[in-house]
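Trainee: Residue strings, one per chain:
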Amino acid sequence: MSAGTAKLNVTVAEVKPINDLVTRFKFVRTGGGGLPTFSGGAHTVVEMQDGDITRLNAYSLMSNPADRGAYTISVRRDDQGRGGSKFMHSKVKEGMEMVISNPVNLFSLDLRAKKHLMLAGGIGITPFMAQMHQLAMMGGRFELHYSVRTASLGTYAKELTERYPGKVHVYHDDQKEAIDLPALLANQPLGTHVYVCGPKGMINWVHGTASEMGWPREAVHSEEFLAPASGKPFEVKCAVSNKVVQVGEHQSLLEALEAAGIDAPYLCRGGACGQCETNVIGYDGKFLHHDHWLTDEQKAGGKHIMPCVSRFEGKTLVLDR
Amino acid sequence: MTIQFNDETFRGDFTFRNSEWAIKRFPFPFHEDSYMYSVNMEPHTSYRPGSVFERTFDVDEHYVSEMKDRAQVLADDPLRCQSLPHMTLAGWDLVELIMEAKAREYPDLFELHKNGNRWRWVNKPLGIDDTFTFLDESTLPYGPMEYITRQTQGDFAMLDQRDDNLWMDAGMVTTQADWSLDFDIGMNFFEWHAPVPKAHEMGIFVRALKFLLNIQQGQPARRLNWTMTVNPLLDTSPENYHKWGEMKQDLTMENLGSKQHLRVELQTFFRLPRSNALVFPIRCYLISFNDLVTVPKWGRRLHRVIRDLPEELATYKGFIDNRPMMVEWLSQYDDGSPTSDGIWADDD
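Quick mapping for you: the protein sequence lines, in order, are chains A and B. Per numbering that gives the first Met the number 0, numbering through the first sequence is continuous, rising by one, with the last residue being 320. Per numbering that gives the first Met the number 0, numbering through the second sequence is continuous, rising by one, with the last residue being 347.
Next up, chain A with everything else stripped away, as it sits in the complex (with noise of 0.2 Å):
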């Protein structure tokens, strides 16, 4: 399959802060027409130009997948990061024409789960907005679980507790609260999945306890997008295209190879995904494996690397696409 997904042209409707990091847009399609259904849990890659460079970024949908009219997303701004949520942030205003991928559901609902169990930490909370609407309209039984740092940068918070009245649960860091686990997993009824979407640290937390407990590993879901790491500036050798491409210091291998025109495919370029998984023909160096989808020992055997995230440092890396 050629790189990518298939291309929605939108235009942004809405450009609303939520909150001191958070802000929500909104897309319609550009010269009318419905968007796709989607699912609750996917997320759309959104394509934009900051001068020379182009960044794709993925981003869980928030509305409600069976409304055809927009797509919300909700960006958290990192001023840490290499430049994509900054972009969002300070760049894109109302009636601006962006391209966006179609849905692709990494994170989708078990359908056969007797009750949905939801823990969301920070942004993580947007991809059970869209499952929530979902359940909510099938007559699904749910449950939210939700840590924030302070009330301030409850995203959300408030208007989940009104809409789902006695199935939102809020957690404020500065008032030292935290979710009892352990206590909330041992009161499932049986035929729970639960679902978890934040920071590493807490995705670990939650599938380490639930296994310990006994929980079966297909009952517990999970979705973290990486950021592609910075680091030092590499060069790879292309072996099918004949081309040597250089990396930079805050650019992805991904990135680069997409920049020398060279046909790598993506869906999540956040390590989760699997799509741009690449042969490795030869190397001489140290891989800088940051991906979720390769195995621990495929990482060790140097064959395969994942563009999206991973890094490299060395002499020579050369590459089967």
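No lab work stands behind these hints: they were computed from the structure.
Just a sample of chain A residues kept apart from chain B, beta carbon distances all over 12 Å, derived: (1) MET47; (2) ALA69; (3) ASP77; (4) GLU96; (5) GLU211; (6) GLY213; (7) GLN245; (8) HIS249; (9) GLY301.
Below are the DMTMM-like pairs computed for lysine to aspartate or glutamate, each with C-alpha atoms no more than 25 Å apart in a straight line: (10) A:LYS113 to B:ASP183; (11) A:LYS298 to B:ASP163; (12) A:LYS199 to A:GLU142; (13) A:LYS6 to B:GLU53; (14) B:LYS209 to A:ASP295; (15) A:LYS6 to B:GLU41; (16) A:LYS113 to B:ASP162.
Idealized CB from N, CA, C, for every residue including glycine.
Since the structure of chain A is already known, use the hints to place chain B on it.
Mentor: Below, chain B without anything else, positioned relative to chain A:
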């Protein structure tokens, strides 16, 4: 209506026939003079006006008669259509996909009028004019998947995606090449492909699964598969093997041209938006050897493919006993000249 629908049967007196139009657009599956498994997928985009690859769901002269045959199969065996409870939403996805595509691509045959969730569906060839509420099962005479697939040619495997695998959790399967939904339902991708010889060692299924898991909304894919059937039977199910298996013994050099049929499946693959499930419509096309050899390239090539096919594949596809006779019959149409690349007849 632009298509003249045949009044024909796929059982009993076997009055099924292909018009010259249907022969010319038949999806001949061999692009070269030999055959081996491959993950031969391509994007399911409109291709060659008039071909079976032009529309999202191909409708042809067999439509009305195939739907009558499906109704008969279901009346005899309701287990040919099953849907586990969590697949109902995927069924609605399929209703939307098929109705929108057919109304858009065959406006003279099908109409879809939406007023919010209140939809009116008009199917002129089958004389259906129904109004229902989208996502409300109580407003349809059947579950959503059964409702729409009783009106759409081809089998439908509905697959749930979870744990990095695909699970056959619903389907409408009445025109299958000797496999059973009732047996496979609830199985994952590797389980239901377990009987296929050679392909496992070749790593075909690992690669195919990876490809399928990554099929995205708005980017459907397709491939062709094939087998052989004696008499134009749509329902070659294991459940009915006692009825059709013995027909394989009726083949003679005299009747082979009319009785032996190449059976081609056009398999398409769509990601469904609301459920994130995948649907595999598997459309069956039949052509008698007599009709097939009217295209000289196809006659020459089929002779070489069948002659050289590995024994395991001829066994798996169920025609090993008749292969010598098929090869001898087809050899009359192979003058040894080279064939051109690709599946299309040379006179195009």
